[in-house]
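> Start from the sequences and build out the full structure, keeping to the hints where you can.
In order, the protein sequence lines correspond to chains A and B.
First residue of the first sequence? That's 622 in our numbering, and the numbers climb one at a time after it.
First residue of the second sequence? That's 4 in our numbering, and the numbers climb one at a time after it.
Hint data in this document are derived by calculation from the structure and do not stem from the laboratory.
Heads up, some of the hints might be wrong.
[As the list claims (entries may be wrong)] Cross-link-like lysine-lysine pairs, in silico, DSS-like; alpha carbons within 30 Å at most: (1) B/K150 with B/K232; (2) B/K232 with A/K894; (3) B/K150 with A/K894; (4) A/K745 with A/K732; (5) B/K163 with A/K884; (6) B/K161 with A/K884.
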Amino acid sequence: MKDLDTTSPLPLPTMKKAVTQVVKLPLTTRNKNNRGITKPNTKPRRQTLWYALYFPQLAGLCNNKQTHILHEIADLVVSVSSVVSFHPQSLICEIRSSLRYFGGINNIHDKLKALVIPKLQEHKSANYFLYAASPTVSGSLLLARSGQNTLVYRKENLRSALGQLPTSVMLLDKEQNRRLYNMGIRKIRDIWRLPPDELRKRFGSDFVNLLNKALGITHEPTHNYVPPPAFTTSYDLPYEIENLNRLLPIVDEMLIQLCEFLKKRDLNTDHLKLFLLHEKRNHTELDLNLRQGSRCRNHLLLLIETHFGNLNIPAPVIGLKISVKKFDAFIGESNQLLMGNLIVGRSNSNSANNTLNHLIEQLQARLGFDSLKSVSAIAEHGPEYAVRQLNYEESRILTSTTPVVTNRRPFWLLENPVQLILRNGKLYHDQVITLISGPERVETYWWSGQEIQRNYYIARKVSGSRLWIFRECGGKRNWYLHGYFA
Amino acid sequence: MTIIRSASASTEPNIGKAFNQHDMSSTKKTEDTTCTQIDQLLQRNPNLWRGCNITDQGFQGLSTGFPELDDILPGQGWPQSGLVEIISRHWGMGELQLLIPLMRSISEQGQWILWIAPPYVPYAPALIQAGIDIHQVLVIKQDTSCKDALWSMEKALKAKDCGMVLTWQNWLPGKVLRRLQLAAETGETLGIFFKRKGSKYSQLPLRLQIKDSDSKNHQFSAAEITVIKARGNFRPLTTQLDLYSQK
Chain A
622 MKDLDTTSPL
632 PLPTMKKAVT
642 QVVKLPLTTR
652 NKNNRGITKP
662 NTKPRRQTLW
672 YALYFPQLAG
682 LCNNKQTHIL
692 HEIADLVVSV
702 SSVVSFHPQS
712 LICEIRSSLR
722 YFGGINNIHD
732 KLKALVIPKL
742 QEHKSANYFL
752 YAASPTVSGS
762 LLLARSGQNT
772 LVYRKENLRS
782 ALGQLPTSVM
792 LLDKEQNRRL
802 YNMGIRKIRD
812 IWRLPPDELR
822 KRFGSDFVNL
832 LNKALGITHE
842 PTHNYVPPPA
852 FTTSYDLPYE
862 IENLNRLLPI
872 VDEMLIQLCE
882 FLKKRDLNTD
892 HLKLFLLHEK
902 RNHTELDLNL
912 RQGSRCRNHL
922 LLLIETHFGN
932 LNIPAPVIGL
942 KISVKKFDAF
952 IGESNQLLMG
962 NLIVGRSNSN
972 SANNTLNHLI
982 EQLQARLGFD
992 SLKSVSAIAE
1002 HGPEYAVRQL
1012 NYEESRILTS
1022 TTPVVTNRRP
1032 FWLLENPVQL
1042 ILRNGKLYHD
1052 QVITLISGPE
1062 RVETYWWSGQ
1072 EIQRNYYIAR
1082 KVSGSRLWIF
1092 RECGGKRNWY
1102 LHGYFA
Chain B
4 MTIIRSASAS
14 TEPNIGKAFN
24 QHDMSSTKKT
34 EDTTCTQIDQ
44 LLQRNPNLWR
54 GCNITDQGFQ
64 GLSTGFPELD
74 DILPGQGWPQ
84 SGLVEIISRH
94 WGMGELQLLI
104 PLMRSISEQG
114 QWILWIAPPY
124 VPYAPALIQA
134 GIDIHQVLVI
144 KQDTSCKDAL
154 WSMEKALKAK
164 DCGMVLTWQN
174 WLPGKVLRRL
184 QLAAETGETL
194 GIFFKRKGSK
204 YSQLPLRLQI
214 KDSDSKNHQF
224 SAAEITVIKA
234 RGNFRPLTTQ
244 LDLYSQK
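See below:
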């Protein structure tokens, strides 16, 4: 007995008085009924009509997958109704307000079917769904689960329509089902014959509430689906423009719109697409990936300007379009009230990070994504295997920060060792080379077939250059220059 | 005018003596006041400095880590911001080793070191050995065009969290240098140019040359540094360094 709410006791069905008006979908001879609906509503509050889509095939999938598919379908359903809510394996949308616009429930059904079935096929689910429409959310849900594709227009007809349904549509647990079965209850109308207080005592208030909601006796709040924000703006130029810099003021105007949009929704974006439209050619697309979400107009404009700097367009530009689909919550920087040293330090490093991100974004925009590298050390003995230049983004994974070797290593390592000339017992690389210290034996990779077996020496040229040279231990025993102690 | 005359009096006391022997006490007084005035001026205006006094340049530099070099550099070390040219005729003269103590302190402060188009790949194990945090090292790849490299340098110099920018560019006209100089002042960043050849008329404010040590017993770590041009010195100053004494 969790919460004993004080709704009026469930009225017993008065079968004789009830006027049922159950119509199967798709409706073919429904014109009379339709006319009845379009009459002006005399009640002060407008009635609603909820259309339920039930996907029993989703029950076998994991929760995440279910919500993912339901969200995708909800994206489509939004085109029919502005109020969409989620329920287990089903979606419910309000369609009373759009009946006239679409020209009847049949059209709405056809439109939804054409949208939803391809989406289900895309996810390799069985391409069907059960549906029903009634004036209450739970009522539609129960009717849809029964699989009879029922349509009920009026609230007073709900009782008889629901009464015919088996109790299994309520999705009760095993124990409750067993108890109902033992009590001889097979259909929902049997439940209404029982005293509601006793029902509440035996089956809990949720059970009674569900039926009350289905009948429209109790209010049922719904959690509505809010479609994710998307921003698109475009600008048609009055004449063709070839000089990209002349587009910047227009881009700026468009960015102002974008920033307004983001500010109003308290959002940030880290991915922005700018399309330059050409006549009779495919558009040029600029993909701006930010390292950190931003809604700073100046920064975005600066990045676009940098991109324009090395962009070649195939034809003059006749239009511009900005589209943003990825958003993040805006996290603003806040100043500290108490200026403790630690706090100040932290906030400084945060803002420093920000400017660094801006710098890296700018460099990447101008020089190309692959041009910015970070040096990473790998725990390897082979000198050329101990370093790797990675793109800045993908570094940090492999990097070890403790050197494997303790012997001195040069700052410059040649990617390909340069062979030295040995003449009259003297080594030459433009000038005579004299050995200073060594050897240091490096033997590794014997397992890979590209065995490294070298004796490394520190040497110097007459000019004063400090070199790192090696001699192969096997094969031709050649000498090579491998690095500079810069 | 009076200030200038008194300044010359303070630096060349013999002349002062010859002129004003009978009025010694009053000159001393004016001398003192003008001296403080000069000091104030020097402190207030960074574009004023004493002509031939390398140590007293009104700013404290960052220690190079080599006391011998500190002694011959204005401000007893590397400037906090600005441009420095290091000339080494060949690779492997110790030109990077010279900067290692500075790089270490920069990376300890959490600032970044940007290498713009270095001639070879910086070898990470060596940087780690030298105590530099390689997570704060960024490299712009080698085949970047000169124009792009200088553009990147300007951007990086302006960025406050870039502590040091290293570049290996030879084409540096005066106009470019002026822009880079201003960028370095804005971002309080140190920009280092490595050059193979030194031109006679370079506009950079601090120029150093690293050479092989003169000593006959060729040691690995010995090097000779010449300060070709610096604020406050007229003729090149030379010192011998032990580059690896830091370890």
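> Decide, hint by hint, whether the structure agrees.
Here is what the structure says about each hint:
{"no.": "1", "hint": "B/K150 with B/K232", "result": "holds, 26 Å"}
{"no.": "2", "hint": "B/K232 with A/K894", "result": "violated, 50 Å"}
{"no.": "3", "hint": "B/K150 with A/K894", "result": "holds, 27 Å"}
{"no.": "4", "hint": "A/K745 with A/K732", "result": "holds, 21 Å"}
{"no.": "5", "hint": "B/K163 with A/K884", "result": "holds, 28 Å"}
{"no.": "6", "hint": "B/K161 with A/K884", "result": "holds, 29 Å"}
In this structure, the one hint that does not hold is number 2.
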